[in-house]
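Listed below, chain by chain, are the residues.
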Amino acid sequence: MLKLYFLLYYEFFKIGIFAIGGGYAALPFLYFIQSKYNWFSVDELTNMIAVSNITPGPIGINMATYTGYTTAGVIGSLIATCAIESAPFIFSITIMKVYDKFKSCSAVNAVFNGLRPASCALLSAIGLQLLYKTCVTQNPFVIDYKAVILFVILMIPFSFMKKQPLMAIIAGALGGIILNQL
Amino acid sequence: MKKISLWEIYKIFFIIGIQLLGGGYVILPLLRKYIVEERNWLSEEELVDYFALSQCTPGIIAGNISMFSGYKARGIFGALTAILGIITPSFFAIILLANILNGAIENKIVQDAFWGIRISVIVLVIVTVKDMWAKSVYSRFTSIIFIVVLIALLFFPISPAIVILLSAIAAVLHSKVIGGKNA
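Line by line, the protein sequences are chains A and B. Letter by letter, the first sequence follows residues 7 to 188 of our numbering. Letter by letter, the second sequence follows residues 2 to 184 of our numbering.
In case anyone wonders, no lab produced these hints; they're calculated from the structure. Check the hints yourself; a few may be wrong.
Claimed, not checked - A few chain A residues facing chain B, derived, Cβ under 8 Å:
1. P34
2. F35
3. S41
4. T52
5. A78
6. V80
7. P94
8. L121
9. L136
10. S165
11. G181
12. Q187
To be verified - From the derived model, a few chain A residues whose C-beta atoms are all more than 12 Å from chain B:
13. K9
14. F12
15. P146
Using N, Cα and C, we set each Cβ at its ideal position, and we do this for glycine too.
Could you put the whole structure together from the sequences, leaning on the hints where they help?
In structure tokens form, the structure reads like this:
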């Protein structure tokens, strides 16, 4: 159990260091943790991400709390939440101390030139992999037309709107019930 | 100026945490209302600066901006109190929801709903990528990083942390080369 707590802290501490650009930047790391440790299934993880979207609080914190809870109960959720904020806490304090220098430092800007597209690509890869896994069943190779239809129906309005997580999730839930119950 | 009490900081960030629904960007108007307009802990300019800074420093945006604001109000303990305040509502809400869902997940209708919700998550991920795109891929160098990372991740099981580290190194090397030409 102690080893599990330690691993949990270690993995979420890493997310705090390397996830750049908001809560969604943590997603690729969570899927990586899933494939490495199997603490939860891919579907469970996606469900947790969905719930985190519609729960009060920052999505990244919600995801850490939820995955930590699923992995190791209340203590697990505390560990994951503290771990994900440990490194940013140290960064924030340090940055505030050298705030004016940091703002105009061209070396820092140069690094972010590389970090932002990498973070964007990480998320793209997760999106494509999830889409593929949801729409195509392996062995036998079958395309899940219901999933494709729902994806297209949701994609059309939501790609034009400002991000509306709550609406998107309610629409998805209704679509899921209607398509599967018919 | 009168010293701001830690309890006051905790309370404000707890209240902001409760109202935070739908991602990091929602925190900006809340902070503006509670700590710029009503309490004057920061100026409007500082808030905008902190927001920009939160997006490009590691960690969750809402968490980062809370810690910056907390620090401005009351130093290190202010930052710590702010992050604790913002975490608390998440913690109780998630544990409550997790327990309700564990009981309901056997139900066929709930399962169908979650099947649809998983597709919503994919849509949300793609929409987020679209939002990030404009701010992150804007030059030949950033396009190359994007394409290389995307291809590498789709075909090889690489740790995201390694990807971020290598991209940072590439960016530093790139700026050294460019810096020589442009400076």
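Report the numbers of all earlier hints that the structure fails to satisfy, in ascending order. When the structure is compared with the hints, only number 5 turns out to be violated.
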